[in-house]
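Enquirer: In case you want the letters, here they are:
6 protein chains.
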Amino acid sequence: MVDECSGTDGGDDGTAALTGEARLARGRAQLARITGRSGEEVMTALADVAPDFARYIFEFGYGDIYSRPGLDLRTRMLATVAGLVCLGHAERELEVHIGSALNCGASREEVVETIMQMALYGGFPAALDALFVAKRVFAAHGLEPDAR
Amino acid sequence: MVDECSGTDGGDDGTAALTGEARLARGRAQLARITGRSGEEVMTALADVAPDFARYIFEFGYGDIYSRPGLDLRTRMLATVAGLVCLGHAERELEVHIGSALNCGASREEVVETIMQMALYGGFPAALDALFVAKRVFAAHGLEPDAR
Amino acid sequence: MVDECSGTDGGDDGTAALTGEARLARGRAQLARITGRSGEEVMTALADVAPDFARYIFEFGYGDIYSRPGLDLRTRMLATVAGLVCLGHAERELEVHIGSALNCGASREEVVETIMQMALYGGFPAALDALFVAKRVFAAHGLEPDAR
Amino acid sequence: MVDECSGTDGGDDGTAALTGEARLARGRAQLARITGRSGEEVMTALADVAPDFARYIFEFGYGDIYSRPGLDLRTRMLATVAGLVCLGHAERELEVHIGSALNCGASREEVVETIMQMALYGGFPAALDALFVAKRVFAAHGLEPDAR
Amino acid sequence: MVDECSGTDGGDDGTAALTGEARLARGRAQLARITGRSGEEVMTALADVAPDFARYIFEFGYGDIYSRPGLDLRTRMLATVAGLVCLGHAERELEVHIGSALNCGASREEVVETIMQMALYGGFPAALDALFVAKRVFAAHGLEPDAR
Amino acid sequence: MVDECSGTDGGDDGTAALTGEARLARGRAQLARITGRSGEEVMTALADVAPDFARYIFEFGYGDIYSRPGLDLRTRMLATVAGLVCLGHAERELEVHIGSALNCGASREEVVETIMQMALYGGFPAALDALFVAKRVFAAHGLEPDAR
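Those sequence lines, one after another, are chains L, U, R, X, C and P.
For what it's worth, the numbering used here labels the leading residue of the first sequence as 1, then goes sequentially.
For what it's worth, the numbering used here labels the leading residue of the second sequence as 1, then goes sequentially.
For what it's worth, the numbering used here labels the leading residue of the third sequence as 1, then goes sequentially.
For what it's worth, the numbering used here labels the leading residue of the fourth sequence as 1, then goes sequentially.
For what it's worth, the numbering used here labels the leading residue of the fifth sequence as 1, then goes sequentially.
For what it's worth, the numbering used here labels the leading residue of the sixth sequence as 1, then goes sequentially.
I should point out that these hints are in silico values taken from the structure, not numbers from a laboratory.
Note that the coordinates shown come from a computational prediction; the quantities given were computed from them, not determined experimentally.
Glycine included, every Cβ here is placed at the ideal spot set by N, Cα and C.
Careful, some of the hints might be misleading.
To be clear about the criterion: a stretch of chain P counts as covered by chain U if any three or more of its residues have a C-beta under 8 Å from a C-beta of chain U, and this derived list gives those stretches [said to hold, decoys possible]:
#, region
1, 82-92
2, 100-108
Simulated coverage check for chain L against chain R, where a stretch passes if three residues somewhere in it have a Cβ under 8 Å from a Cβ of chain R [claimed, not checked]:
#, region
3, 49-58
4, 77-89
Construct all of the structure, not just a fragment, from the sequences and the given hints.
Expert: If you want it as structure tokens, here you go:
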């Protein structure tokens with residue numbers, strides 16, 4: 001898996017001087033780096049119901065939080081996978097972020113270990129459901145079971 | 001912070017042949033390495049109500065899950081912090097595992113970044129409460145604010 | 001959107017003297033006013049598994065709680081939408097009550113604002129999923145995107 | 001532990017004809033049988049903030065749900081303990097209902113088994129916290145550790 | 001409903017001397033007794049993503065927890081149903097364990113009573129969704145509505 | 001209760017051109033209007049652990065979300081109370097926002113109605129705990145029980 005995310009710690013504290021437009025651009029670039037997608041799908045999906053919510057995802061989620069230095073993106077995405085397993089209900093988001101974890105340099109094995117560990121905190125059903133989501137994502141990424 | 005956890009990936013798959021006694025010993029050793037405590041407090045606290053539960057924590061939690069190879073302990077503990085923030089109600093366990101994360105080589109900054117990021121998934125109140133727990137743990141570990 | 005709910009604050013405290021039959025009738029009337037449906041679907045769906053549960057929904061949910069004075073129905077339904085977003089798992093109920101909110105005089109925009117705000121408390125995935133539910137409900141109600 | 005609850009299955013379906021006053025009386029009697037308390041504390045505590053909420057607890061919670069035939073009270077209270085452990089945040093209610101479980105004929109051991117089992121579903125922190133609540137309740141009931 | 005589970009309290013405390021292999025065998029036997037299935041489906045489903053997780057479900061879930069004496073299996077399964085309703089998101093697991101409850105001697109009515117009661121703790125939407133799951137399980141088990 | 005919040009709908013869409021500094025100023029002003037506090041406590045409390053998190057609360061929470069037009073602040077705060085009750089674990093935040101609801105023109109009665117209604121969705125224990133929080137807030141605001 002090529003790590004597309006090596007440049008992620010270049011974020012900086014100069015947020016106070018950024019205009020919203022610059023935050024948005026920063027966020028969209030970071031979303032692309034993390035998820036390997038452009039974010040057009042979420043913009044399109046929200047366009048006729050809550051376009052500003054797509055903007056907040058870009059600006060705050062990716063532009064502010066995920067652009068922060070201080071923690072590498074591989075660890076950030078595994079932490080997100082862990083959190084989503086414990087929430088229990090966020091299957092769609094879990095699917096996206098398992099893909100992001102792989103995209104940011106986490107191995108298939110590391111994703112599986114993170115999910116299994118959450119059985120201790122979020123319970124076995126949450127972990128089991130998440131493993132089935134992971135299985136689908138691995139298949140979509142062409143990751144062979146043997147390759148694990 | 002000295003990393004006491006560097007030897008953690010030495011776990012192995014030979015679990016099937018282990019007796020319960022050996023799993024228990026493995027788990028208690030791993031708990032000590034991760035938390036920097038002996039686990040006596042939890043044994044004592046549970047002794048007259050559910051002594052077997054302490055055994056399961058050692059055997060399954062630390063002996064099976066946290067002894068697995070495939071993910072380093074620093075990342076494991078940050079994932080646990082993330083999961084506990086999203087659960088929302090596990091303040092006591094969060095306090096223990098923020099300490100474990102520090103003990104396993106995570107920096108104060110990495111713990112804070114992990115918690116802040118969870119505002120996106122578990123909400124701002126859960127993250128805010130967790131930051132106050134972290135503040136207490138950092139103080140107990142003698143980590144100066146400036147040292148961040 | 002015609003407000004069918006203007007008469008809702010006519011509820012009263014005389015519950016103590018009501019028979020169960022009267023509470024049931026009050027509840028079914030209030031359910032019809034709020035949801036714009038008769039409640040037959042839920043009665044039919046529960047008829048062969050837990051018919052009393054349908055009765056409790058009518059009697060307690062609609063007859064006791066939603067018949068109380070002291071808070072207008074538009075606000076009640078937006079509060080319910082907020083609560084359901086934070087629960088995270090109640091997609092079916094969310095769909096019904098977004099419809100009820102519209103039926104009780106909330107605008108499409110007010111529903112969207114309520115859901116987006118909950119990203120702060122129940123997290124972004126819960127809010128995002130709820131926005132997609134809202135989009136389906138708006139479409140079913142023939143509310144044009146432009147009409148927002 | 002004397003089982004005060006043996007008469008609980010005498011509930012009936014004749015609810016439809018009951019006035020609210022009769023439901024309230026039925027509920028208060030059932031609450032006393034289950035919890036071994038009169039319910040005055042909750043009435044007093046809610047008197048100046050939400051007196052009707054105390055009434056709903058009596059009428060609906062104890063008068064409707066807990067007065068139903070079809071499941072014995074000992075099992076009902078263990079099911080409630082299980083549910084409250086999985087909710088994770090309901091410590092006060094858990095304390096009351098562990099007491100109710102004992103009062104309805106569950107043994108100390110059965111309460112502990114129920115809680116430990118929930119580690120599989122609600123996670124270890126929720127079960128561990130609940131065991132500490134149970135320990136306090138057992139002590140308050142004068143149940144010796146050895147007596148287990 | 002034939003009670004296949006009457007022998008379940010034959011579990012014992014001699015876990016410390018068991019090898020992992022013996023725990024696994026004990027767990028698989030207990031799983032078969034409780035669920036009426038062999039557990040092959042979960043092994044197959046997890047085989048290429050997390051085979052060890054299937055092993056933990058057998059060893060820890062069924063071999064350790066569900067093999068404990070001190071609480072009969074019928075009550076254990078109703079407690080599990082209660083816990084899963086309150087979690088809210090575990091529909092798949094709920095379906096399996098409603099079947100297990102029936103298999104362990106709980107009646108259709110007892111399952112329904114347990115779920116309805118959880119409306120008090122996990123809310124009405126969680127209970128309502130669970131009743132619909134139960135309806136499907138009852139149909140799959142050929143339990144006639146009238147037979148209730 | 002004087003409504004300090006009447007000017008809240010003056011927010012606008014011109015966010016894209018705002019610098020972070022301007023968003024921060026807008027957020028702090030809105031926080032003061034809503035909570036009746038300056039926000040200094042949270043800044044001070046977070047200063048040595050996560051000062052940027054205080055900034056995000058101001059900028060995103062109050063500057064972006066709570067500054068949006070399209071929903072009046074009284075309804076916004078009651079929706080927040082509803083959401084926090086359903087989360088179950090956010091007692092501290094609930095205390096702050098019950099105060100904010102009163103500050104934004106909601107009556108004591110409306111707060112109580114909102115909380116009681118959430119018993120249907122988040123369960124009775126969550127609603128009961130929230131009523132006790134509300135009782136403390138009402139007392140701190142000098143709202144007499146009789147004044148309800």
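Enquirer: What are the numbers of the hints that this structure violates, sorted from low to high?
Expert: Those not satisfied come down to hint 2.
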